[in-house]
Amino acid sequence: MPSKAKTGKKLVIVESPAKSKTIAKYLGEGFIVEASIGHIRDLPQPSELPAELKKTPLGKFAVDIDNDFKPYYVVSSDKKKKVAELKAQLKDADALYLATDGDREGEAIAWHLLEVLKPKVPVYRMTFGEITKEAIHRAMDNLRDVDQDLVDAQETRRVLDRLYGYEISPVLWRKVARGLSAGRVQSVVTRMVVDRERERMAFKAASYWDLTGQFGADSGSFKAKLAAVDGAKVASGRDFNDNGELTSRNAVHLNEELATALAAGLQSAEFSVRSVDTKPYTRRPAAPFTTSTLQQEAGRKLRFSSKSTMQVAQRLYENGYITYMRTDSSALSDEAVTAARRQASELYGTEYVPLSPRVYSSKAANAQEAHEAIRPAGDSFRTPAQVAKQLSGDEFRLYELIWKRTVASQMADAKGSTATIRLGAVTVGGAAAGRDTEFSASGTVITFPGFLAAYEEGKDESRDDESEEARRLPNVAKGDALQASDIIAVGHETSPPPRYTEASLTAELEKKGIGRPSTYASTISTIQDRGYVRKQGSALVPSWIAFSVIRLLEQHFHDYVDYEFTADMEADLDKIANGQAAGPAWLKHFYFGEDSEPGLLSIVNNLGEIDAREINSIPITDAITLRVGKFGPYLESSTAVVDPETGEVVEAARANVPEDLAPDELTAAKAVELMETAAPEERVLGADPHTGHTVVAKNGRYGAYVTEIIPEMTEEQLANQPVEYYKNGKPKPPKKPVKAKPRTGSLFASMSVDTITLDEALQLMSLPRVLGQDAEGNPITVQNGRFGPYLKKGTDSRSIGSEEEIFTITLEQALEIYSQPKQRGARAAVPPLAEFGPDPVSEKNIVVKEGRFGPYITDGVTNITVPRSTSVEELTREQAVELLAEKRAKGPVKRTTTARKAPARKAAAKK
Numbered sequence: 000m001p002s003k004a005k006t007g008k009k010l011v012i013v014e015s016p017a018k019s020k021t022i023a024k025y026l027g028e029g030f031i032v033e034a035s036i037g038h039i040r041d042l043p044q045p046s047e048l049p050a051e052l053k054k055t056p057l058g059k060f061a062v063d064i065d066n067d068f069k070p071y072y073v074v075s076s077d078k079k080k081k082v083a084e085l086k087a088q089l090k091d092a093d094a095l096y097l098a099t100d101g102d103r104e105g106e107a108i109a110w111h112l113l114e115v116l117k118p119k120v121p122v123y124r125m126t127f128g129e130i131t132k133e134a135i136h137r138a139m140d141n142l143r144d145v146d147q148d149l150v151d152a153q154e155t156r157r158v159l160d161r162l163y164g165y166e167i168s169p170v171l172w173r174k175v176a177r178g179l180s181a182g183r184v185q186s187v188v189t190r191m192v193v194d195r196e197r198e199r200m201a202f203k204a205a206s207y208w209d210l211t212g213q214f215g216a217d218s219g220s221f222k223a224k225l226a227a228v229d230g231a232k233v234a235s236g237r238d239f240n241d242n243g244e245l246t247s248r249n250a251v252h253l254n255e256e257l258a259t260a261l262a263a264g265l266q267s268a269e270f271s272v273r274s275v276d277t278k279p280y281t282r283r284p285a286a287p288f289t290t291s292t293l294q295q296e297a298g299r300k301l302r303f304s305s306k307s308t309m310q311v312a313q314r315l316y317e318n319g320y321i322t323y324m325r326t327d328s329s330a331l332s333d334e335a336v337t338a339a340r341r342q343a344s345e346l347y348g349t350e351y352v353p354l355s356p357r358v359y360s361s362k363a364a365n366a367q368e369a370h371e372a373i374r375p376a377g378d379s380f381r382t383p384a385q386v387a388k389q390l391s392g393d394e395f396r397l398y399e400l401i402w403k404r405t406v407a408s409q410m411a412d413a414k415g416s417t418a419t420i421r422l423g424a425v426t427v428g429g430a431a432a433g434r435d436t437e438f439s440a441s442g443t444v445i446t447f448p449g450f451l452a453a454y455e456e457g458k459d460e461s462r463d464d465e466s467e468e469a470r471r472l473p474n475v476a477k478g479d480a481l482q483a484s485d486i487i488a489v490g491h492e493t494s495p496p497p498r499y500t501e502a503s504l505t506a507e508l509e510k511k512g513i514g515r516p517s518t519y520a521s522t523i524s525t526i527q528d529r530g531y532v533r534k535q536g537s538a539l540v541p542s543w544i545a546f547s548v549i550r551l552l553e554q555h556f557h558d559y560v561d562y563e564f565t566a567d568m569e570a571d572l573d574k575i576a577n578g579q580a581a582g583p584a585w586l587k588h589f590y591f592g593e594d595s596e597p598g599l600l601s602i603v604n605n606l607g608e609i610d611a612r613e614i615n616s617i618p619i620t621d622a623i624t625l626r627v628g629k630f631g632p633y634l635e636s637s638t639a640v641v642d643p644e645t646g647e648v649v650e651a652a653r654a655n656v657p658e659d660l661a662p663d664e665l666t667a668a669k670a671v672e673l674m675e676t677a678a679p680e681e682r683v684l685g686a687d688p689h690t691g692h693t694v695v696a697k698n699g700r701y702g703a704y705v706t707e708i709i710p711e712m713t714e715e716q717l718a719n720q721p722v723e724y725y726k727n728g729k730p731k732p733p734k735k736p737v738k739a740k741p742r743t744g745s746l747f748a749s750m751s752v753d754t755i756t757l758d759e760a761l762q763l764m765s766l767p768r769v770l771g772q773d774a775e776g777n778p779i780t781v782q783n784g785r786f787g788p789y790l791k792k793g794t795d796s797r798s799i800g801s802e803e804e805i806f807t808i809t810l811e812q813a814l815e816i817y818s819q820p821k822q823r824g825a826r827a828a829v830p831p832l833a834e835f836g837p838d839p840v841s842e843k844n845i846v847v848k849e850g851r852f853g854p855y856i857t858d859g860v861t862n863i864t865v866p867r868s869t870s871v872e873e874l875t876r877e878q879a880v881e882l883l884a885e886k887r888a889k890g891p892v893k894r895t896t897t898a899r900k901a902p903a904r905k906a907a908a909k910k
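Note that numbering that gives the first Met the number 0 gives residue 454 to position 455 of the sequence shown, counting from 1, and the numbers run on in steps of one.
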């Protein structure tokens, strides 16, 4: 068979279209650059397997657990067309270059392309850390083969996550709620957030007092705080544990009485300086960004969510502005070090650049991947001013942050001095006479800013942050007399551990070695999407259902949510990536176990009886328990309620728990208050005279409503149902009767469960009310909706004034309303559905408006539709800010326009 004629074309495959366009510019003619648009194949759902495979060892996971855990991959339905296009391009190519990202996932994508395309031409693996001309040409000079160890590691992760999720999630469905999910990293991250909330719930505040005063010398005045009494240190917040107990043996615990007495005794006391201690101050710059530290700092400084940070960084990378954004390395290439030092020297002066380049190494547990740190792209960096016009607002802010951090990392240390002044006096008169008191003041003065001229790293919230501000203290000497004023006693309470923010949670995950930094953003996003965690401001607050899930996992799958066990798993997966272990053997040990170590399968098969009620119950007081129910959390009293008329024991009293009430805010006192103020859960109004059904008013999760109770069919009614027969004459088994749907109706704003009558309830349940027909025979109805009462005729809806008009408006009045043109643009201004104050980015007011396709959030610049899963009433400011940030991060929607065909020319008439 004759060999294929050479065409000179080379096919290069990358993941994204944006990346392909940028790379194509640098490769020039002869190269065809195509995008696979991410993964082209994956594990299918077991239900999607061919029928002949469903009863094989593949059937449970789409993984052959009896054959070295071999995965069964299928090309995604939405990628079949793309695969066909790539195969067609490959037919005319002389070589194939797989230029997907250089991490494990990118390596796996390259391997899948190789497996599916089955090329008959030379194949080269091409990787680069930035998309610049120099980097692309260097990559062409350093081609290699697909790294099978990296592929095995990624494949092992994929199979591991399938085994974990598919074995444990069904247990959650049965014992907590349908639709929940467990995940190897997701569940551990959720546990971290729950554990922090447990710490806050168990926390007992301690009260302590101290003194502050203003002290003056000839050279100036300064503020100082009481440090010691009679030589014993004065207790501060960090001297107490979370049970409110003083842990420092030698510290004196000031109460209000003693502190007030000391303050009174110092009003006329003579103060003098007892010591002045000055030390040199040196501060080094932070290392260049890794994926984790970029997410943390963008969260602190720019208020970006982890997800938004990675979306913006992805665009900056694909368009050639920064290096690859998924990396554990804080190292810089020689070219980058030279570029940073040169730019620091040009912008700030040669004295701001140290004699030797700075070298950084990662401090994170399980650090891996061979990438550089995240930095501006190129062998010379573009300043933020040079790229400002080419980037969107969020892109510019993130680029500026990366540029500052990179340049600062190669700058000189900040220098200065820290001074501490100790001053004292003996109290005069009063209840605390003769007590020796010593005050202290510290201040740091920066004499040479060094890297601080370019950048200063942000900090997370700390409950014991007592650091002094940078300030210059007056020049005093030991023995100098001081004038005291404004000496006052100040009371404090210890603070519970602060809740995690996305930034601090990311830092803790990296510290513990849990998961990979490249997946932190998606994991944190997932636990919010699943309803395990919500945001309150920037803090992450767990839901009550998260407490139930973690409790079940801790009791029955302890190792799988253990921090060390999860970190060790990550280390094992790294060994597979380094070729030091084999994936199939590791999976076999994990799933089947060996010797005295049970595997996941054994644990699932020997769970025993799990008490779902106990798992979903959290005692708040001796008499009140929180239950996690089908429709949300509620409180239940363990004290039986007795009917005063009949003396019968009725159902225990219950109260709904407000959705915005954080778990640590549900104290014993709050629980009692909710129980005492709870509206009756259900009130019987009477029987419908037409159906005989009992009508009740209820307080539901989404407001008060009325409904009818349809009784179950009796045995006699079930027995009297008509019998159906097969064609052979044999009777079919009786069908389960279809349960009738009860009529319901939401209460008007002016109604309440306590006061609504049976007649009003029957009216509400009769809605929508048919008014009649128009001249064309179209029925017109009136009903109550999400945004108020309205008329409906086909698809034409018109608002009416008030809810009460629903039962009084006539057909004639409705026809009059429909005779008027429907007002759109010219109508009176409609007030917004909600207002959330200024946006932190645009600084314009955020409002929720009703739009043609439903409610949407806008700051006047960016619009985003309110998610269907969130009602306007449930929407918070934090959610609105984040949704707008994510929309900005995606950039403007690119609309393709189709060129209009020119009209066909008429043929010239024959002469």
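Careful: at least some of the hints might be erroneous.
Claimed, not checked - Using C-beta positions, here's what the derived DEER-type ranges look like: (1) Thr211 with Leu354: 39 to 47 Å; (2) Gly58 with Asp758: 33 to 41 Å; (3) Ile445 with Gln389: 49 to 57 Å; (4) Gly392 with Asp659: 52 to 60 Å; (5) Gly607 with Val683: 50 to 58 Å; (6) Ala581 with Gly348: 49 to 57 Å; (7) Gln535 with Thr211: 28 to 36 Å; (8) Phe564 with Glu672: 35 to 43 Å; (9) Leu354 with Thr875: 32 to 40 Å; (10) Asp610 with Lys821: 44 to 52 Å; (11) Asp241 with Trp172: 32 to 40 Å.
Unchecked claim - Listed below are the simulated DSS-like cross-link pairs for lysine-lysine, each with C-alpha atoms no more than 25 Å apart in a straight line: (12) Lys86 with Lys24; (13) Lys403 with Lys414; (14) Lys629 with Lys174; (15) Lys587 with Lys59.
Calculated directly from the structure, the hints in this document are not laboratory data. Glycine included, every Cβ here is placed at the ideal spot set by N, Cα and C.
How the hints compare with the structure:
A hinted range of 39 to 47 Å for the beta carbons of Thr211 and Leu354 is consistent with their spacing of about 45 Å. Checked against the hint of 33 to 41 Å, the C-beta distance between Gly58 and Asp758 comes to roughly 58 Å, which is inconsistent with it. For Ile445 and Gln389, the Cβ-Cβ distance of about 35 Å falls outside the hinted range of 49 to 57 Å, so the restraint is violated. Gly392 and Asp659 have their C-beta atoms about 31 Å apart, which leaves the hinted 52 to 60 Å range violated.
Checked against the hint of 50 to 58 Å, the C-beta distance between Gly607 and Val683 comes to roughly 42 Å, which is inconsistent with it. Separated by about 56 Å at the C-beta atoms, Ala581 and Gly348 satisfy the suggested range of 49 to 57 Å. In this structure the supplied range 28 to 36 Å holds for Gln535 paired with Thr211, their Cβ-Cβ distance being about 32 Å. The given range of 35 to 43 Å is respected by Phe564 and Glu672, whose C-beta atoms sit roughly 41 Å from each other.
For the pair Leu354 and Thr875, the beta carbons lie near 52 Å from each other, so the given range of 32 to 40 Å is not met. Here the CB-CB span from Asp610 to Lys821 is close to 58 Å, at odds with the stated 44 to 52 Å. The beta-carbon spacing between Asp241 and Trp172, approximately 35 Å, falls within the hinted interval of 32 to 40 Å. For the suggested pair Lys86 and Lys24, the alpha carbons sit about 23 Å apart, so the restraint of at most 25 Å is met.
Distance check on the hinted pair: Lys403 and Lys414 sit about 19 Å apart at the alpha-carbon level, within 25 Å; holds. Between Lys629 and Lys174, the direct Cα distance comes to roughly 11 Å. Compliance with the 25 Å bound is thereby established for this hinted pair. In summary, the hint linking Lys587 to Lys59 is supported, as the alpha carbons are separated by about 16 Å, within the 25 Å threshold.
Checked against the numbered hints given earlier, the structure breaks hints 2, 3, 4, 5, 9 and 10 and satisfies all the rest.
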